Amino acid sequence: MMVELVPSLLRQELTRLAQEGERLDGRNQWEGRDISLETNCLYNAEGSAKVTIGGTIVYAGVKFEIRTPWPDRPTQGSLMCGAELRPVAHVKYEPGPPSPQSIELGRVVDRGIRESGCIDMDDLCIVPGEKVWGVMIDIHVLSDQGNIFDACGLAAIAALRTATVPAERFDVGEDYRLKVNGTPIMASFTRVGGRYIYDPSEEEELGGEERIHITLGDEGHVHSLQKGLKGVFTPAEFAEIFEVAQQRCNELRKLVAEKEGN
Amino acid sequence: MGGYGDVQLLREDGKRLDGRAVDEMRPVSIEVGVLPSAQGSAMITHGLNVAVAAVYGPMEAHPRKIQRQDRAVIDVRYNMAPFSTSDRIRPGFNRRSQEISKVTAEALESVVLVELFPRSKIRVEIEILAAEAGTRCAGITAATAALADAGIPMRDLMIGVASGKIEDTVVLDLDKAEDNYGQADLPAGILPNTGEIAFLQMDGDLSPDEFNLAMDYNFKAAKEIHDIMVDALKQKQSRGDA
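So the sequence lines, in the order shown, correspond to chains L and R.
Start counting the first sequence at 21; every next residue gets the next number (this note's numbering).
Start counting the second sequence at 155; every next residue gets the next number (this note's numbering).
One chain only, chain R, in its complex shape (with noise of 0.2 Å):
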């Protein structure tokens, strides 16, 4: 978090810079079903993020070292495209990236129903085509509905979201300059069924009352997104395409 508190984040009449309440989420629209290469697919937007996520398998799980005799794997890559930040990244692996792979790869198989599927891999590719302050979230939000509409069983559908903190007022969905000038962030992967949560963040400054009121926020914003992600597999269903 920068946190540099000379950044005025709050209007005065308490809404945010973008116009936004503190407990309002950018808007928010999935579609399934993107890819023809894949199994499956989905695209997010997320305010002005863009997360495309692809899966492959289950197949067999090779190299043998990284099979399990009784669940299947899930390998994850985050990936940045070089065009989707101001400065361009360049293209490969970076610590952050690998970082958040390992995380959403254990967050998911911890929703996935693994063990129906001993010695094999599933793979779940995330690319960002834009970048605007949420991408992780909106990467697990993207997979999340790729894995559905490829048909792998889960418990549940995971949402990323995240709630924070700008001058000292907890709000919801930090858009870039809120994240960047803010103090707190809380990234979350919510399982709305079963009220679990299966992947947690954070970085800046939260007392425990801010902390359990960021967490409300998100179970209520990944509620929304749910229902989105619902709506977006059934239209798929309807469309008669899987």
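If we strip away everything but chain L, and leave its shape as in the complex, we get (with noise of 0.2 Å):
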């Protein structure tokens, strides 16, 4: 990846206005910008999701495959997250193999799903021993103007949600909806001029400081954590991060179900 200069002019102004307690685009500490999902809109996936947080846009689709479950879990199909940070998104982004940037991403996500355990492997049975579903979610990050963790873990959330198990593809049954139990949410804040905000921008990120995802379930529990880059945070911070982190998922858990519909 191309290293990042960051203008100490960019550092200064996110401080002064940090201390007056104002953001570059006039949003307060913990506003998020516009967000859209839109569901089942691509064509050759099995669940399909866009979401769209202000200038960044994120696509995640699902798709399925049989395999032979492992000897030690012979009911249990499997779950796997990947993102792509492709060039196309930025021009920070360069070709070649998966970026550790990108490989952190997929991770964090798939621990939000997988250990908020809104899918039950056993459900993904077809005969004990010889023939699981592996579920696959693929997130294609296609702008990066800041917080795209966010932005994937609710594609990939509302893609799940409206993935429709194609059984009569792979001639074993009919077709039928994928059973997912729970919209676990991923909130991310950004360390800027001093103070923790909501859902950086392009710009916050770049002059900003370290990161803290939060994946949360329905019943407001803890899912999955990250910390990323450098930086040190107390006690104190994170329990009023947290906080707003559980209003913020709600409210997006709202938004999947609406969008969810048929």
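It should be emphasised that the hints constitute simulated quantities derived from the structure, not laboratory data.
Be aware that one or more of the hints could be misleading.
Stated by the list, open to error - No more than 25 Å apart at the CA atoms, straight line, and that leaves these computed lysine-lysine pairs for PhoX-like:
| id | chain 1 | residue 1 | chain 2 | residue 2 |
| --- | --- | --- | --- | --- |
| 1 | R | K377 | R | K330 |
| 2 | L | K112 | R | K256 |
| 3 | R | K374 | R | K330 |
| 4 | L | K199 | L | K151 |
| 5 | L | K112 | R | K219 |
| 6 | L | K112 | R | K275 |
| 7 | L | K250 | L | K151 |
| 8 | R | K390 | R | K377 |
| 9 | L | K112 | L | K199 |
Remember, it's a predicted structure, so these values are computed and weren't measured experimentally.
Using the supplied hints, reconstruct the complex from the two chains, each of which is provided in its own coordinate frame.
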């Protein structure tokens, strides 16, 4: 990846704004940008979603395959979630094998969904010991204007919740809607100008420091955490963003419920 | 080409399975300026295909060994998203996408006024989100629209379009069944205003007469798609967000 230069002017301006309780784009500290969510928008995917957060655009698609279960878990299928940060998304992304950044992104989203238990791996069994479903969520970032983590998390769970198991195409019965017990949602925070803000923009990520990603389940339980980049924080700071995350995640969970319809 | 003769692709009334006439293309829509991160971008829906293109540059060409002293180089990446086909595609480059990227780059280098940008590089990223036969053509059209959206000067708007042969009949714009079971596929990158061809591939079996008819169909469709693209570009200008 290209080394990004952080102009000290940007840092100074972000610090000044932080002291006055303001942000570059006029939002307040815990305010997110406009979000839009579209589901079932990709013809060949068994479940799909497009998420737009400000100028960030992400697609997620779900595909199924039939595989042999692991010998020690003969009735359990599998779930895999991967993200690609391809050069289409920003001038800073260069071609080549998956970067550590895209691997981190995919794994953080994967953990949130997996650990929430929203997919019961036993539901993915077709013939015990012989055939189980492998569910694959692929996330494609098309435009990175900040906070791709939340966009990817939202797209992944929305695509999963609208997925149809293509049993007919694989000759193992009739198609049916994938059973998903819950809607884990991610909320991300970045330290900018000394204090945390929700939903960082591209400039805020560029001139900011460490970031924290929190994935919460339906009951408000935390299912995945990740602290990234250089920087430290205190338990008091975490307690504050954890509370904000609860509210934001509840709002987004309603949005998913609205859009998954059919 | 599969070329299995036992699949019926033409109905008794001479129409194709999806109801199109032999010289009728699938519906096409184009939108430009869809990706805020890119200098120029476009999304095309061609039948059930969805292709997105982003343009970055002109920028300094590095590593230096790829630089050309007298012109820009165009760096194209054609990539199919893992969920774009009925069987998932493993992420990453494969032989097919590398070949398509290479010939698409060479076609674009013959249309873009590359001599205006010596020692620079123009990056063109083509992402296929849904594939249903004809993705390389949709990708070429999307790339052209994205280059125009980025304000990069070109001799003409290159349009990607294909004709082919099913049941010994030349038809315009093969869909998936026709591509799988047909006898020939002739994708081309057409410059409708200059009347030139900058991209050409073919596989299957065509007589000289069939080739000429297929090429006539391609030119006819390219003019139609050209007009749709010009409308899309004008629309963005009139929205005032250029």
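Status of the hints after comparison with the structure:
Our distance criterion of 25 Å between C-alpha atoms is met by K377/R and K330/R, whose separation comes to about 23 Å. Proximity of K112/L to K256/R is assessed by CA-CA distance (about 22 Å); at most 25 Å being required, the pair is judged to hold. For the given pair, K374/R sits about 21 Å from K330/R by alpha-carbon distance, which is consistent with the 25 Å threshold. Under the criterion of a C-alpha separation no larger than 25 Å, the hint pairing K199/L with K151/L is consistent with the structure, at around 18 Å.
Between K112/L and K219/R the alpha-carbon distance is near 20 Å, which keeps this suggested pair within the 25 Å criterion. The straight-line distance between the Cα atoms of K112/L and K275/R is roughly 14 Å, inside the 25 Å bound, and the hint therefore holds. Taken as a hint, the K250/L and K151/L pair is broken in the structure, with Cα atoms around 45 Å apart against an allowance of 25 Å. Proximity of K390/R to K377/R is assessed by CA-CA distance (about 20 Å); at most 25 Å being required, the pair is judged to hold.
Of the pairs offered as hints, the one joining K112/L and K199/L is violated, with about 38 Å between alpha carbons and a cut-off of 25 Å exceeded.
In terms of the numbered hints stated before, the structure departs from hints 7 and 9, listed from lowest to highest.
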